[in-house]
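**Student:** Assemble chain B with the ligands onto chain A, guided by the hints.
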Amino acid sequence: MANVSIRKVVKSYEGDVQAVKGIDLEIEDHEFVVLVGPSGCGKSTTLRMIAGLEEITAGEIWIGGDVVNDVPPRDRDIAMVFQNYALYPHMSVFDNMAFGLKLRKFPKDEIKRLVDDAAKMLDIQMLLDRKPKALSGGQRQRVAMGRAIVRNPKVFLFDEPLSNLDAKLRVQMRTEIKKVHQLVPTTTVYVTHDQIEAMTLADRVVVMNHGVIEQVGAPQELYHNPQTRFVAGFIGSPAMNFLPVQVVDDSGLKVQLADGTKMAIPPERVDRYGPYKGKKMTLGIRPEHMTETHESEKPGVQLMNAKVDVVEPMGMETLVHHFVDGVAVCSRVDPNTKCRPGEILPLAIDMNNMHLVEDSSSRVV
Amino acid sequence: MSGATAAAGGPVPRKKSKVGSLERQQRISIRSSYAALSIFVVIFLVPPFYMVMTALKSSAEISAQQGNPWIVQSPTMENFIQLATDASFQRYFINSVWVTAMVVIISMAIAILAAFSLSRMGFKGAQVLSTGVFLTYLVPPSLLFIPLFQIVGTLGLINNTWVLVLLFPTLAVPFCTWIMIGYFNSIPKELDEAALIDGATYPQILVKIFIPVALPGIIAATIFAFTVAWGGFLYPLAYLYSADQATLTVGIVRELIKGDVFAWGMIMAACVMAAAPPIIVYTFLMDYYVAGLTAGATKG
Ligand SMILES: Nc1ncnc2c1ncn2[C@@H]1O[C@H](COP(=O)(O)OP(=O)(O)OP(=O)(O)O)[C@@H](O)[C@H]1O
Ligand SMILES: [Mg+2]
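Here the protein sequences line up with chains A and B, keeping their order. In this text, residue positions in the first sequence follow the working numbering: the first is 1, and each later residue adds one. In this text, residue positions in the second sequence follow the working numbering: the first is 1, and each later residue adds one.
Chain A with its partners taken away, still in its complex shape (with noise of 0.2 angstroms):
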């Protein structure tokens, strides 16, 4: 068990590739760090140079009070699971997780000890015997999972391990994986680009783009407080949507579309925004926000009428695409609503949980 601290670290490969631009996170023990963003962001290098799988260009890399920079992988005391399970094809399952105990010569009898313990936890014990060829895809990662588990390292890193899995079984391991970790809480760094699995899992996300972090912060300050406009869209979905406003001052202040729509700003945030009175900013409303209306409407909420393109019934929800001021939006209404394409859906946009976008910054404000 250790922290693990990443400081001022930058990868570039040959032909000058930056794919980590200088970033900083500090790691505590036990936690469940989430990486997550769109793909080429840079998630999977930053994890590999903690593997040390991979080289760090400049910036250090600490393991629990040691600078691994040029520490190599063997001695750094940590586990990784790969997308593609990566066990050796010939050793059976039992020899696969107890591959890393030989190598570290622990005795014969304690070798079978953990890793029965770790079979037992990941349920594969009636597995040991067999190839990994003779397994399911749900069942060789969680061979993989053992074969990090059995050492128990100090860190356990995880290069998105749910990707090859259809969906059903990609949400039960999902809540397996988590069950291990409250089992054994060892510090992990889990990387993925799917933000439901990042939420769900983690104690904190991290979310990265083009090189750079983002934003840090619990799954629940991401979703009510994105600082970008990229964590705003990215978390959350269907995602989060954006129209062209101006902010004005109309007795109160408001928010105007192009179209003259005029929606009013909470009374308690007047004070944040009044400052970009006259400017031309993007405001932010996700599609849980954007509802049918109701009789008896709280404060703060905005009716608007949307002429309805789209309906996605989804059981316990229906989304509806449609078009404010000429740009398309998703609202998230009750499933079951009435209505159908073409037709005209009064909404209640809940100004509350607005957001808006310095569009020069792209900063949320």
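Treat the hints with care, since some could be wrong.
DSS-like mimics (lysine-lysine), calculated; alpha carbons at most 30 angstroms apart, straight line [to be verified]:
hint : chain 1 : residue 1 : chain 2 : residue 2
1    : B       : K124      : A       : K112
2    : B       : K208      : A       : K21
3    : A       : K120      : B       : K208
4    : A       : K168      : A       : K133
5    : A       : K131      : B       : K189
6    : A       : K8        : B       : K189
7    : B       : K124      : A       : K108
8    : A       : K133      : B       : K124
Quick caveat, the hints were computed from the structure, so don't treat them as lab data.
**Tutor:** What follows is chain B with the ligands alone, placed relative to chain A:
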């Protein structure tokens, strides 16, 4: 094409014709493969068949004018017995075995180590070097044996089987390395990374992961090195002149062809005996060769 149209166009498609046409296509392709393969088999098996037949004949029967030359009338082991008890033939056999064993061991050791470093160490110029290794294989040995004579002469290895232990690997290593690079490159990078993290050193990764996983490739390369050494003719002919140093290939020719007198029965018996080890090696190793070990390493 016409069958499919008929089946689709008819109001009540005849089930039989639809299934039948698929089956028929399969049958036709199977039969034509068999026909093509049979031609190959016949062409390749005629010489060995004739060799075995002749080896089983007595000298009298070989030189007899009448009778079918393809069939042996009164089979005899006489040729085999005579060779097996012949001291110089035994010598050739032992020389061949010793040379081949050494060549296989040396070539495979070099090829595996070279392929591992070229495939995995990722040093500067590895790519150029791999291509270079393969290019040396394209130089015909018959162009090399005269300049090589100078070299082995200086080393004092003329008329010594060590000369073959030194020279055959130069023919075998490039191709074996090339085969092994291909196999090692097909092993996913995550496998060695997992092993590195598990605590393995590079030598351990090679021995515990790469060699077992690439076993089919190693067997293919071993067979190649074996064939180079066991069947090599030019170098032993050029560099080994005394009977006690000769290998089977040149020994058979030197001992059993005296001027224009060909001891056909014994030549063929010697060939059968010389061909036995490769045949045994091939049949034995083929099983391993086919057992694809790499399946299941990663997804799929
Ligand atoms: N060996 C390499 N040589 C050059 N560039 C590389 C190398 N490996 C990665 N890159 C580049 O570094 C950037 C970050 O790659 P990385 O693998 O970290 O992305 P990622 O966030 O893990 O993406 P994904 O979700 O697709 O796995 C990419 O632009 C990639 O092209
Ligand atoms: Mg990646």
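**Student:** A separate judgement is required for each hint: does it hold in the structure or not?
**Tutor:** Status of each hint after checking the structure:
For the suggested pair K124(B) and K112(A), the alpha carbons sit about 43 angstroms apart, so the restraint of at most 30 angstroms is broken. Under the criterion of a C-alpha separation no larger than 30 angstroms, the hint pairing K208(B) with K21(A) is inconsistent with the structure, at around 37 angstroms. A distance of roughly 27 angstroms separates the Cα atoms of K120(A) and K208(B); the hinted pair therefore holds under the 30 angstroms criterion. Annotation: proposed proximity of K168(A) to K133(A) holds, straight-line Cα distance about 22 angstroms (limit 30 angstroms).
Between K131(A) and K189(B) the CA atoms are separated by roughly 20 angstroms; this keeps the pair inside 30 angstroms, and the hint holds. About 28 angstroms separates the Cα atoms of K8(A) and K189(B), which keeps this hinted pair within 30 angstroms; it holds. For the hint pairing K124(B) with K108(A), the CA-to-CA distance comes to about 42 angstroms; that exceeds 30 angstroms, so the pair is violated. Proximity of K133(A) to K124(B) is assessed by CA-CA distance (about 35 angstroms); at most 30 angstroms being required, the pair is judged violated.
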